[in-house]
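Engineer: Sequences and hints are given; from them, build the entire structure.
Chains as they are written, first to last, in this note's numbering: chain U, 259 to 1020; chain X, 1052 to 1382; chain D, 88 to 245.
Think of the hints as simulated: they come from the structure by calculation, not from any bench. Among these hints, one or two may not hold up.
[Said to hold, decoys possible] Covered stretches of chain D (in silico footprint by chain U; criterion: 3 or more residues with CB under 8 Å from a CB of chain U, positions within the stretch not fixed):
1) 112-126
2) 131-145
3) 192-198
Predicted model only: the values in this text are computed from it and were never measured. For each residue, glycine too, the CB sits at the ideal point set by N, CA and C.
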Amino acid sequence: MTIMETRKHGDASDGMIGGRQTRFEGQLKVTGAATYALEYPVEGLAHAVLVQSTIPAGQVVSIDTSKALEAPGVLLVLTPEDDLGLTTASDWHGNRPENQPYHPLPREVRFNGESIATVIAETREQAVEAAKLLDIVYAEAPSVASLDDPNAGEGKAVDMLNVAWGDAEAALAAAPVMIEAEYSTPREYHVAMEPHGLTVKWDGDQLTVWEPSQWSHGMARSYAEWFAIPYENVRLISPFIGGGFGSKGAALAYSAVAAFAARKLGRPVKLAVTRPQNFTSYGGRAATRQTIRLGATEDGVLQAIVHRGASETSTYADWPEQTGAATSILYKVENFSSQHRIVPVNTVTPGALRGPGKNPSAYGIECAMDELAWKLGMDPLDLRLKNYADRDYQSGKPWSTRRLREALMEGAEAFGWSKRSHQPRSMREGRTLIGWGIGCGTFPVIQAPSEAMIRILGNGRVEVVSGAIDMGQGTYTILAQTAADVFGVPVSQVDVKLGDSRLPGSAIAGGSMLAGSILGAVHKAATAARDELIGLALSDANSPLRDTGANTLTFGDGRISVSRGEGPSLTLPELMAALGRDELEIRRNTLPDGATAQEHHQAWTTMAKVRGPTMGDYSMHSWCAHFAEVRVDEDFGTVRVSRMVSAFDCGRLYNPRLVESQWRGGIIMGIGQALLEEGLVDQRNGRMMNSNVGDYLVPTNSDIPDIQVISVGVPDFNASALGGKGVGEVGIVGVAPAIANAVFHATGKRVRDLPITLEKLI
Amino acid sequence: MRDFSYFRASSVDEARNAVLQAGGALLAGGTTLLDLAKCGVAEPATVVDITHLSGLGEINVDASSAVIGALARMGDVADHTQIRAAFPAVAESLSLAASAQLRNMATIGGNLLQRTRCPYFRDPATFPACNKRNPGSGCPAIGGVTRNHAVLGTSDACIATYPGDLAVALVAFDAFVDLGSRKVSVDDFFLLPGDTPDRETVLGRGEMIVGIGIPASAAARNSTYLKVRDRQSYEFAAASAAVGVELEADGKTVRDIRVALGGVATKPWRARAVEQALIGKALDVETVERASGLAMEGAVSHGGNRYKIELAPRVVARAILKMAQNVGGLA
Amino acid sequence: MTRTIHLSLDINGRRHELDVEPRVTLLDALREELALTGTKKGCDQGQCGACTCHVDGKRVLSCLTLAAQVEGRQITTIEGIAAENGDLHPVQAAFIENDAFQCGYCTPGQIMSAVACIREGHAGSDEEIREYMSGNLCRCGAYNSIVAAVREAAEAVR
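Structural biologist: Shown next, in the form of structure tokens:
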């Protein structure tokens, strides 16, 4: 068991892969010198603001812009009247309709809060005020406000999400013990601290975009396609991103509008999406509901799982929030059936938010397991261990690595689970009820190719260059560690350049796929560069190492030497000088050999080359087990999480210090999901009524206890070249059910709809 | 924000005169005015900055009362040793409000005048109708998302909750607002919405809060402010209570008790029925809980806020019991 | 342009001259006019704390402060708390050491808030730190490390 004790860094080993190196870009972030998208000094900026619809559905009949155009400083107003001349871009998978016009300011309103106009002025203040002067006439059409709207209907089945094996209904009917329950989750939002927005600038047909991005190459592609310019003409710059959590992986309607305005005005444009506008400019996690039926023997052996789920989507695109995604994989069960439907309503299309699919899915199955344990009179930990999945019953494949048992055992040990009394309401301090709960989580290993460049300079500095991004996961740091490791130099001798679509291609920072992908490419490039250096050092006439008779060299402690430790040893700059080189540059990718240029482009700008967790010989996933203690005020219904222990199997950790931070971050977001977060929709007009961070509540510092995180993983070299599995997504998965189960244990009340707010407990 | 002119007042009279001009608005801490100007709710033509006026930020506490200047910052009052000793509920109401940053900015006068968090009120672009903003236009909150709306003091015209904490503590202890030319009790200072929810206080044109006064009392000395909310911190109240208790010399019988509620009413809400039911009584759990229920006399729910009718009496009861225990008077 | 006023602001010990509309907030003046972009805009509504800076040594929200209002006051931003020679403020160092941030966007506000929290004497216990740092939201969830950093820096300063 490895409990991550905080210890001082400074150890040489901290700079190696697996070391606890502090955040590479830390100094920039604590001094305010890290530059985010809206902070670049660009001469001659004009400022754009969005105007959003105030009806849920219908037509924009007209927009009278005359008053706005007369307002001080106003340069341009764009409305659905304006044909921007854009073409629809590809979706994530690279599919693109032929010559379909794109109207980012649509005449047809599809949800309340959709952007329908833009005002551009000399200053932001002027644009904001002029925007209020638009006289908009709508023709409203009937609408469906949300999943709860009586007119929402049953929606449509998503066939590819129908999963079944065995005979679930029959096994359920025959099972001696059965539970059935319905669970629901509301709309939830990313609330990255940096609001969305961008600065755009044209130089002829060259477009520069400063925009927070989880995927510089994929987003650059959208701009190129919208404006019908070569991909190479677009440069998207995003070295720092103020949080994304899934929201910053695509160029959005307002991005196209800002870029168009900049071209039309012939000057750079900055568009800042306001905090309230962030809630409808892109989708958060869809609202979901699911019914779960579990059948078991008297002694707690699962016989069947029947799952029926549904999630909200928009009227114009299908986004399934897969409520069955974790249901099929957490337990051993011979009879299984899961179906998922999507229900179109008048909302912005939902999107990926930390732990997509797995998160609401785990909420359902992990609460249902707790309900089953209660009905059986079993300890919830024992029930989970009893039904431990020895393989992936859906794909039939063996696990690559699955240390969920160790996570459960070691988490339970650290938490003190064995002292738990079975009976709800059995622990209290005065009017405060105390309860303990478990929730398990999982997230698939998703693999993708990446490319990277290593440049060794004459002064001995090692540059790692990639278009990958760092939104706080630690890309800068672990890439620096990788290069430092390969070249045997301190991290301080490494430079890392990221976040620019002109740099070598990279997977998206999403689906927990980036670290495994980019580290593979960087390691490959660095190793190749080292091999090239060795070759030169052993063969170049001017190299002091040529005549040592060695057939390889060792890189360590900042020096290059003969492996046996005898003979000359040189520092990198000394070797470069001896070789007469001021630069050595190597570029490598992890595509199959012989990939064409088109395949390269496709690999970095679409999801076409992404591989799912069961596409190889194994079923590959990260795993976790959360243990939560809650304190519930019996009179007020307020729930506070007072203790949390979580154990993870994420394979090898490239930097435990940073991994712990990400795990805690996911857990904290899960605490918010369990207790606070809920988009409130006015059922009369589909308006989101708490679109600000004073009303859409995310946890504050005082809502969060000390969280103990434990790693139980082992390297998984099927999952990635260096043995890691995904870290970022899995942390949130299973937190909400752990808390919901703890609330049941505290109060005896089972709350099946998130968030667990006080009115549900009084 | 609408374009406005900025005027820095150098005296109270100058401020009063400036604000009499059309569209004049006083700027103190700015935490309400600028927030509402950004929402498009406030559209001042002239902002009259009074933060540089001297003499209005004093805090004076003696045996008979506390007198606090309108420009004293929330944080300074919350941390003031004598206020904490003589009026703990007042100090606590301030500490539990907003964040440390906002408490450093917001003034006592401005705090009283903060406006409702009703999301319909705050979104004029989507909801042009709102009787507070546009008298007679209707109330979009009724029938809408009402989780945070009031259950007490509402009318058919408005169900917006008064959001503040300080005023709740003040109304419990018979504090008054000093308008320079007159003094008005806090209870009278705030108006029920009735048919005119646009009129929230008795503040007249050209009037300005120059300070507040709080009479000292044994009940104020033994007082607390209990605030219940979803988050542990940095949130408006789901329900709150300011309570002070004084016992007779027998150490049992209630001589004086003050109860006021926040987060549940359209104005800071003094619960006199609860007080009346407990004066002359000895305090035990059952008596207190029964009396606390009287706080909800006349309460009306609008769907999402129904829980407040359950919750608020429990908050009141907890606060009373705590204060009773504090002076050894809990049977 | 509409009406502008001339302001002379004392920021990080330096005088800055600027012409802005009266409605311009301190936050926008810093970010848009003075290239002091370390102060962040997270909500522009006084709800997140990302724009925290100091006025006359006290932490305030620059999004709800007019630039005009603080003429004559001493303004300190994240760019102004390290030593002249570049040595980090103990709070900045503690944030790096404790990994008290991920994306870094709330970080300047957290640090400005933490410096004030310690100065105010509100860093006496973890519970007190949590409460007095609760006006600074962090969506990456670095709260545990922020508390540790503030605790450590408070001890260093003491």
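Engineer: Each of the hints needs a verdict: does it hold here or not?
Structural biologist: Consistency of the hints with the structure:
no.: 1; hint: 112-126; in the structure: holds (count 8)
no.: 2; hint: 131-145; in the structure: holds (count 6)
no.: 3; hint: 192-198; in the structure: holds (count 5)
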